[in-house]
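K.L.:
Each residue of the sequence shown is one higher than the one before, starting from 0 at the first, in numbering that gives the first Met the number 0.
Any given hint might turn out to be false.
Below, simulated BS3-like cross-link-like pairs (lysine-lysine); rule was C-alpha separation at most 30 angstroms, straight line [said to hold, decoys possible]:
(1) Lys75 <-> Lys38
(2) Lys57 <-> Lys38
(3) Lys104 <-> Lys38
(4) Lys106 <-> Lys38
(5) Lys56 <-> Lys38
(6) Lys75 <-> Lys106
(7) Lys56 <-> Lys104
(8) Lys75 <-> Lys104
(9) Lys75 <-> Lys57
(10) Lys57 <-> Lys104
(11) Lys75 <-> Lys56
Because the hints were derived from the structure by calculation, they are not lab data.
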Amino acid sequence: MESSAYQDLIDRLNRIEQYVERTTHLLQDIDDELEMSTKDLIETLNVSESTLYRWRKKNLVRFRYTESGDVRYFYKSLLICARCNRLRISGMRNDELLDRLLRYKDKLILSSCLTSER
């Protein structure tokens, strides 16, 4: 009896571990692929286009230009810069900057999940 209960517990723990690993990999993939537009950053971080231009000019963040000439910022680059305290936003602490970036991603994931359920 004990060995059966023990084996059941081990099986459940293994399934939980696999779920956590899959979720972790999925979130890392999202970080790697996610891009933010200029509008996204202005709304999320309450910064100006001039601030974003300065970040680009100083090569603080990775970005790319779209075919239409819009700028896309790599989310992972922004996250790393925030964690390393390389981005300065007047009146905002670094932990708030990180929190805003993380909330942006969370809202995006949540809205994607809600859209796919419909």
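K.L.:
Indicate, hint by hint, whether the structure satisfies it.
P.N.:
Each hint, compared with the structure:
Only pairs whose Cα atoms come within 30 angstroms are accepted, and Lys75 paired with Lys38 is accepted, the gap being roughly 17 angstroms. Taking the CA atoms of Lys57 and Lys38, the gap is near 20 angstroms; set against the 30 angstroms cutoff, the hint holds. At roughly 15 angstroms between alpha-carbon atoms, Lys104 and Lys38 fall within 30 angstroms of each other, so this suggested pair holds. Pair hint Lys106 plus Lys38 holds up; C-alpha atoms about 16 angstroms apart against a cutoff of 30 angstroms.
Restraint check: the Cα-Cα separation between Lys56 and Lys38 comes to about 18 angstroms, which is no more than 30 angstroms; the hinted pair holds. Simply put, Lys75 and Lys106 have alpha-carbon atoms about 16 angstroms apart, close enough for the 30 angstroms limit, and the pair holds. The hinted pair formed by Lys56 and Lys104 meets the criterion: a straight-line CA distance of about 25 angstroms does not exceed 30 angstroms. The hinted pair formed by Lys75 and Lys104 meets the criterion: a straight-line CA distance of about 11 angstroms does not exceed 30 angstroms.
Distance hint between Lys75 and Lys57 is fulfilled; the C-alpha atoms sit about 17 angstroms from each other, no more than 30 angstroms. Restraint check: the Cα-Cα separation between Lys57 and Lys104 comes to about 25 angstroms, which is no more than 30 angstroms; the hinted pair holds. Of the supplied pair hints, the one linking Lys75 and Lys56 holds, its CA atoms being roughly 18 angstroms apart against a limit of 30 angstroms.
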